[in-house]
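Based on the sequences and whatever the hints tell you, model everything.
Protein chains: 2
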Amino acid sequence: MPDTAMIDADRLNHSLDELAAFGRSEGGGVRRLCAGPEDGKARDWLRARLAAEGLAVKVDPVGNMFAVAELAGPDAPVVLTGSHLDSQPSGGRYDGAYGVAAGLEALLALRKRVKAGGLAAKRNLGLVNWTNEEGARFSPSTLGSAVFAGLVATDFALSRTDGDGVTLGEALSAIGYHGADRGPPKVSSYVELHIEQGPELERTGHRIGVVEGNWGTAKFVADIRGRAAHTGPTPMAERRDALLPAAELVLFVRALSDATGGALLSSVGRLDVIPNSTNVVPAQARLFAEFRAVDPAMLAEACAKLVAKAASLSTPGVTVALEQTLDRPAGTFDPGLRDLIAQAASACGYPPLRVHTVAGHDAIPMKTVCPSAMIFVPSAGGVSHHESEFTAPEDLAAGAIVLAETLARLVSA
Amino acid sequence: MPDTAMIDADRLNHSLDELAAFGRSEGGGVRRLCAGPEDGKARDWLRARLAAEGLAVKVDPVGNMFAVAELAGPDAPVVLTGSHLDSQPSGGRYDGAYGVAAGLEALLALRKRVKAGGLAAKRNLGLVNWTNEEGARFSPSTLGSAVFAGLVATDFALSRTDGDGVTLGEALSAIGYHGADRGPPKVSSYVELHIEQGPELERTGHRIGVVEGNWGTAKFVADIRGRAAHTGPTPMAERRDALLPAAELVLFVRALSDATGGALLSSVGRLDVIPNSTNVVPAQARLFAEFRAVDPAMLAEACAKLVAKAASLSTPGVTVALEQTLDRPAGTFDPGLRDLIAQAASACGYPPLRVHTVAGHDAIPMKTVCPSAMIFVPSAGGVSHHESEFTAPEDLAAGAIVLAETLARLVSA
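Residue numbers (our numbering), protein chains in the order written: chain A, 1 to 413; chain B, 414 to 826.
Treat the hints with care, since some could be wrong.
[Unchecked claim] Here are some chain A residues pointing at chain B (derived, C-beta under 8 Å): (1) S90; (2) A136; (3) S141; (4) H230; (5) G232; (6) P233; (7) G269; (8) V273; (9) V281; (10) F288; (11) L337; (12) A380; (13) S384.
Please keep in mind that the hints were generated in silico from the structure rather than gathered at the bench. These numbers were taken from a predicted model, which means no experiment stands behind them. For every residue, glycine included, the Cβ atom is placed at its ideal position computed from N, Cα and C.
Rendered as structure tokens:
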């Protein structure tokens with residue numbers, strides 16, 4: 001029988017309050033960019049919380065933080081849970097932080113239960129805080145977990161630069177999280193608890209979602225080069241305005257979604273204009289576009305059309321260079337682990353909804369390391385990546401309870 | 414007879430070299446934003462050059478720098494020349510700096526000539542460096558001259574903020590140019606020497622342009638408000654993307670010019686996207702558009718169409734607020750002064766071309782203070798507001814000679 005009382009919901013809420021103070025924004029959200037000073041404080045908080053519980057933190061070269069509760073001896077495989085403490089520039093207080101704070105509660109609760117003889121552990125239990133999940137300060141996203149999974153080289157990750165030319169390696173060193181440790185060598189499964197960031201759970205009245213799989217995602221950067229000139233005297237025929245093809249691409253990307261009735265998700269979230277001065281014809285524009293879809297054929301068609309459109313906009317005077325920076329195919333999480341989560345949720349009194357994640361998460365790179373899966377709790381209004389992001393305390397508690405029950409079953413299996 | 418040998422062309426070129434070092438960019442241009450550290454160094458350079466010649470500098474509250482050579486006693490009116498030392502973010506080395514450096518040479522040459530008895534002065538001769546001509550760091554442009562002319566309140570000017578929220582007043586204080594002096598109380602005429610920033614002089618083989626007048630200019634800021642959301646899970650129908658109307662406006666502004674065959678000049682030089690993160694649907698976009706035309710009716714029609722278009726793009730979910738920030742009518746410079754410049758140019762051996770300025774200049778606000786006019790020299794390829802801006806040394810010398818001859822006639826009149 002699951003011990004649904006073992007999670008300290010008050011302490012979980014208190015932890016989220018404390019984390020939300022690191023980079024708090026006026027609107028009640030957070031600005032806690034990867035490896036910035038606020039992220040450093042959040043990391044210090046986590047390290048201190050773990051130290052107070054007698055748990056040491058290992059930091060790997062890309063700043064991923066690991067702590068392992070040895071429930072079954074030093075050589076036992078590790079069941080890993082966690083998420084990320086970095087946020088979007090104007091993000092919410094739950095995205096990522098919830099999975100870390102609830103993972104910590106679940107870990108402490110289970111360790112207590114094992115010590116009290118209420119659970120026979122055959123595996124150890126680990127908590128992780130992944131570096132640069134958001135991809136907001138450094139690109140690409142889910143960088144720390146991708147390095148841990150061996151999908152991305154450490155040197156490549158450390159050499160990624162932010163908008164000011166600071167590398168991830170320099171930023172991590174500045175906050176003291178460019179470590180030399182390794183993560184746990186034997187991870188037997190990975191479970192990540194996260195807010196849904198979509199409307200399905202709320203709409204259908206479910207507290208718990210079992211994430212079946214992820215949509216396919218393709219990301220692009222268009223680098224458009226024109227020529228700077230005075231916006232006053234320069235004749236129109238002699239202007240080489242890099243912003244014009246950028247504007248065409250913004251509308252084209254949207255039109256591709258509209259043509260599918262919205263089945264294809266698309267966005268241009270970022271557009272850098274250089275030099276971005278009112279009196280200067282834009283010399284350069286960098287545009288970041290993405291598509292997401294369940295259907296691989298729909299995604300591939302959108303990508304091909306964007307490539308063709310970009311090529312058609314290129315002229316001798318204004319060149320458009322399009323590069324695909326991400327090609328994440330649609331995929332599924334481990335079926336056995338999904339079923340185990342569903343059973344755990346039902347046993348805790350929360351019959352789950354089977355959902356998909358449109359967003360990327362660290363659990364996706366982790367699929368290549370071990371069986372991985374995710375648990376979702378509702379997001380009010382489906383809103384995320386916004387200061388008004390909100391999940392009700394009862395939902396937060398329910399998620400932590402189901403996570404603890406899932407981990408209990410994995411640790412004792 | 415004009416004394417065409419009185420200008421020290423080598424020293425003028427050397428001055429331009431020295432000024433170009435303050436904020437030098439890799440491509441050979443300058444980044445010397447108004448009241449930034451580089452502008453501070455350029456101002457210090459000017460102050461030191463004047464001090465070495467026994468000329469004191471007065472700095473007014475908005476940072477305009479004035480020096481007066483007393484050729485005709487302390488109470489005589491002042492014939493003023495000069496330009497500005499600030500630049501665009503990726504600007505050239507001649508725009509503004511040339512008018513200051515050549516004005517200094519002309520002033521020193523005339524003072525020498527008066528002292529030697531070669532010229533009977535009835536007026537004094539002043540040099541000015543105006544603050545924030547470019548409008549690149551602070552908006553609007555020609556701010557210092559507009560304050561001097563009484564067109565803009567000092568407090569308004571000092572409270573203008575840059576992209577980081579720093580006010581002009583704070584920036585001037587930081588570099589030591591938030592002064593308490595007043596400019597010369599009696600200015601009898603203003604003559605500004607500048608590069609053309611257009612192709613006409615080069616195209617027609619003229620060294621000197623007499624500027625007849627200025628085109629009309631209208632500037633707008635569109636503030637577009639949507640709602641931030643995750644670019645992943647948020648359904649398309651629920652996105653409130655502020656970048657979409659911005660893209661429509663960029664293309665609409667260009668289409669208005671195309672419809673006139675290019676007679677209407679237009680641009681969107683700046684577009685701020687907020688938060689500008691790849692994973693976030695843009696919550697806000699601020700777009701800076703402008704139109705320029707000789708024909709007032711054409712300009713008015715473009716403005717009206719833009720207003721209507723912006724209104725049509727506004728929806729309950731994404732609002733478009735358009736504000737006109739500049740309405741500078743087409744106008745002419747003082748006819749008598751224009752003729753005087755033309756005669757001086759011809760007397761120096763440089764028969765002039767009559768041209769118009771499309772760009773704004775400090776001589777435009779100064780028209781409301783006293784008879785004002787401008788002298789242009791060629792810009793290679795018509796290029797300006799770009800690192801590759803270039804004017805040949807012979808053209809620079811010719812401009813300075815004609816400026817000195819013009820000032821000689823004004824001072825002795």
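Comparing the hints with the structure gives:
{"no.": "1", "hint": "S90", "in the structure": "holds (5 Å)"}
{"no.": "2", "hint": "A136", "in the structure": "holds (5 Å)"}
{"no.": "3", "hint": "S141", "in the structure": "holds (7 Å)"}
{"no.": "4", "hint": "H230", "in the structure": "holds (4 Å)"}
{"no.": "5", "hint": "G232", "in the structure": "holds (3 Å)"}
{"no.": "6", "hint": "P233", "in the structure": "holds (3 Å)"}
{"no.": "7", "hint": "G269", "in the structure": "holds (5 Å)"}
{"no.": "8", "hint": "V273", "in the structure": "holds (5 Å)"}
{"no.": "9", "hint": "V281", "in the structure": "holds (6 Å)"}
{"no.": "10", "hint": "F288", "in the structure": "holds (4 Å)"}
{"no.": "11", "hint": "L337", "in the structure": "violated (21 Å)"}
{"no.": "12", "hint": "A380", "in the structure": "violated (13 Å)"}
{"no.": "13", "hint": "S384", "in the structure": "holds (4 Å)"}
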